[in-house]
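In order, the protein sequences belong to chains A and B.
In terms of the UniProt record's numbering, the first sequence has 129 at position 129, counting the first letter as 1, and numbering is strictly consecutive.
In terms of the UniProt record's numbering, the second sequence has 102 at position 102, counting the first letter as 1, and numbering is strictly consecutive.
Worth flagging that the hints you see were computed from the coordinates, not collected in a lab.
Computed from a predicted structure; not experimentally measured.
All C-beta atoms, glycine included, are put in the ideal place defined by N, C-alpha and C.
It is possible that part of the hints are untrue.
[Said to hold, decoys possible] Chain B is faced by these chain A residues, among others (derived, beta-carbon under 8 angstroms):
| hint | residue |
| --- | --- |
| 1 | Met202 |
| 2 | Ile209 |
| 3 | Thr213 |
| 4 | Leu221 |
| 5 | Val272 |
| 6 | Asp277 |
| 7 | Glu287 |
[Said to hold, decoys possible] Heads up, simulated SDA-like pairs for lysine to any residue below, C-alpha to C-alpha not over 20 angstroms straight-line:
| hint | chain 1 | residue 1 | chain 2 | residue 2 |
| --- | --- | --- | --- | --- |
| 8 | B | Lys92 | B | Ser102 |
| 9 | A | Lys121 | A | Asp106 |
| 10 | B | Lys52 | B | Asn67 |
| 11 | B | Lys115 | A | Tyr292 |
| 12 | B | Lys92 | A | Ala197 |
| 13 | B | Lys108 | A | Ala197 |
| 14 | B | Lys114 | A | Pro199 |
| 15 | A | Lys149 | A | Ala197 |
| 16 | A | Lys282 | B | Val95 |
| 17 | B | Lys115 | A | Trp271 |
| 18 | A | Lys276 | B | Met89 |
| 19 | B | Lys182 | B | Ala223 |
| 20 | A | Lys186 | A | Leu288 |
| 21 | A | Lys190 | B | Val95 |
| 22 | B | Lys108 | A | Leu288 |
| 23 | B | Lys235 | B | Arg224 |
| 24 | A | Lys121 | A | Phe264 |
| 25 | A | Lys282 | B | Leu103 |
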Amino acid sequence: MGSRQITEKSLVMLRSLPRLSLANIRDNPGSKKNTKRGRGQHGGDKHGAGNKGSGQRQNYMRLGYETGNNPFYLRMPHEPYYKGHHHRREYPPISLLEIQKLIDTDLIDITQPIDIASIVKSGLYNFFPDKKHFGINLTDEGVDSFAAKINIEVQWASEQVIAAIEKNGGVITTAYYDPHSLFLLKNPKKFFESGQAIPRRMIPPADVIEYYTSAETRGYLADPEKISQERFRLSQKYGYELPNIENDQCYTMLCERKDPRQIFHGLEPGWVVNLKDKCILKPKDDELLQFYAS
Amino acid sequence: MNICLRNKFTRLNLVSNFHRFSTTVPEIEQNEQVLIDDTEDLLAKEEEIRKKRNTSRLAKAHYNLVNGRRPYEEPNCLAHLTVKYNRKMYGKYGVASGVNPSLCWPTKKEIEEKKEFEAVAFPYTIRQVMDATAEKRREEQLRIEQRDIEVATKVAKLEQWKKELNDKVAKKAAEVLAAKQKKERLVEEVRRHFGFTLDPKDERFKEVLAKREKEQKKLEKQARMEAKEKMMIAKLQQKSGEISEKS
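Looking at chain A on its own, in the form it has when it is part of the complex:
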């Protein structure tokens, strides 16, 4: 009897209460922080700064300072494993798997030669020439599942990567771009809107000249004869049959290469591209022609 009365009574109480809504709920504890600092005799006290020392005075010591101790970061002897690391060239990587993904999702057009500009245009790769990034390092992740016939130009590639691309009947070139050219390739629109003539690409520095002139790495300055020899040698090494490019229907596309002085595919140094008028202006002055041809 008693319990029934209690139930009814509580139900009545519950019915008389207002509905639960945003208007009558309390904030979570600790969710509101007073932005004002207390004043007065005991209003603020230490204002959360603690008692005594540099904490209270809020004159924090510099990072790593240990109040007179020999600091930790100076306690070890000098170990120069990474000496000069901030001066070295970097090649931010992109893997074959990612390239395959870009091709499968139609972010890269493989009927045209692929270079760093087209990879950046896909939106899934970025690099920063001002941070000593010198272009793409094509890595061998997904080397077994790669199955596209492409004419690609990267800045660094390993032997396996070269083999994987050539096995599928493609062509790879490693090419050097100076930082200025890389800025142009990263954002061509910005450059064209600045209304300047396309400059020439500069020659690689001495420490990578070997890489970009050797046929094993498919350097852009290597002898084409030697490259074809190396293509054959690599196919022998990895045990695949080298597809014959000469009989391919996209032979002309696969044979397209940039000039060592050229930055954009199809655009020569010295030309001015106007996007508004959709026109290309070519210089006719002999001195200009000579300068841009050198």
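Since the structure of chain A is already known, use the hints to place chain B on it.
The following block gives chain B in isolation, referenced to the frame of chain A:
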């Protein structure tokens, strides 16, 4: 006059409105007669209407920007006189910007400067750099090979040197052992002389030891002399033998 003109204007506006919506080219021959009368006035009127229609309250430059025109027709500050700005205007707004596109290329002086910079920044041609690096690599290879040869010759001699060293050490040890045994023998002899064990620090012991040592030395000297004499005699005999053989 104004009133009657206005009337004509309204008509014109109406016609132009029709023009906007019609798909065929309207015949405006009749109107041309009217337009010839006072074109300037008409244009001014049109301009005024256009101005009134522009309720954006944007600054002129911003209004231009929004409508895809270059912001300033006249140079407004020093920066607007620079080549860079004018190139930019051409790049962005094309021929409509009114900039001579010949500005886009460097001048003769700039070309000279660029050439000078490149002569300093890239003093060597690709072929020269290639040759220099090849030379460097060859030298490095040569250095490594020479070092390899050096190490190989030394390794070949290693066994011999090890043997020599071991022999030297063994010889030294043997000498030390012999000296020690000799000394022990002497001490034993002295003990035998006294007939009992005596402290080696004792005066008497030392005396006898010195004596014994002296005797030993004498004996050794004698032995040496005898051996020398023997050698001499042998030599003489040999010589005499040789002489007799010759004669």
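Consistency of the hints with the structure:
At about 7 angstroms, the closest approach between the beta carbon of A/Met202 and any beta carbon in chain B falls short of 8 angstroms, and the interface hint on this residue holds. Interface hint status for A/Ile209: upheld, as the beta-carbon distance to the closest one in chain B is roughly 5 angstroms, under 8 angstroms. Against a cut-off of 8 angstroms between C-beta atoms, the interface hint on A/Thr213 holds, since the closest Cβ of chain B lies about 6 angstroms away. Residue-level restraint check for A/Leu221 holds (minimum Cβ-Cβ distance to chain B is 6 angstroms; threshold 8 angstroms).
The restraint placing A/Val272 at the interface with chain B holds, with a minimum CB-CB distance near 5 angstroms, inside the 8 angstroms limit. Nearest Cβ of chain B to the Cβ of A/Asp277: about 4 angstroms, under the 8 angstroms cut. The hint holds. Checking A/Glu287 against chain B by beta carbon gives a least distance of about 6 angstroms; that is within 8 angstroms, so the hint holds. Of the pairs offered as hints, the one joining B/Lys92 and B/Ser102 holds, with about 15 angstroms between alpha carbons and a cut-off of 20 angstroms not exceeded.
Taken as a hint, the A/Lys121 and A/Asp106 pair is honoured in the structure, with Cα atoms around 12 angstroms apart against an allowance of 20 angstroms. Of the supplied pair hints, the one linking B/Lys52 and B/Asn67 holds, its CA atoms being roughly 17 angstroms apart against a limit of 20 angstroms. Distance restraint check for B/Lys115 and A/Tyr292: the Cα-Cα separation of roughly 11 angstroms lies within the 20 angstroms cut-off, and the hinted pair is therefore satisfied. The suggested pairing of B/Lys92 with A/Ala197 holds, with an alpha-carbon distance near 14 angstroms, which does not exceed 20 angstroms.
Taking the CA atoms of B/Lys108 and A/Ala197, the gap is about 14 angstroms. The hint holds against a cut of 20 angstroms. At most 20 angstroms may separate the alpha-carbon atoms for a hinted pair to count; B/Lys114 and A/Pro199 meet this at roughly 11 angstroms. Straight-line distance between C-alpha atoms of A/Lys149 and A/Ala197 comes to about 34 angstroms, which puts the hinted pair past the 20 angstroms bound. Distance restraint check for A/Lys282 and B/Val95: the Cα-Cα separation of roughly 15 angstroms lies within the 20 angstroms cut-off, and the hinted pair is therefore satisfied.
For the proposed pair B/Lys115 and A/Trp271, the alpha carbon gap of about 18 angstroms is at most 20 angstroms, so the pair holds. Between A/Lys276 and B/Met89 the alpha-carbon distance is near 11 angstroms, which keeps this suggested pair within the 20 angstroms criterion. Under the criterion of a C-alpha separation no larger than 20 angstroms, the hint pairing B/Lys182 with B/Ala223 is consistent with the structure, at around 17 angstroms. Simply put, A/Lys186 and A/Leu288 have alpha-carbon atoms about 26 angstroms apart, too far for the 20 angstroms limit, and the pair is violated.
Taking the CA atoms of A/Lys190 and B/Val95, the gap is about 18 angstroms. The hint holds against a cut of 20 angstroms. Our distance criterion of 20 angstroms between C-alpha atoms is met by B/Lys108 and A/Leu288, whose separation comes to about 8 angstroms. Taking the CA atoms of B/Lys235 and B/Arg224, the gap is about 16 angstroms. The hint holds against a cut of 20 angstroms. With a CA separation close to 13 angstroms, the supplied pair A/Lys121 and A/Phe264 stays within the 20 angstroms bound.
With a CA separation close to 13 angstroms, the supplied pair A/Lys282 and B/Leu103 stays within the 20 angstroms bound.
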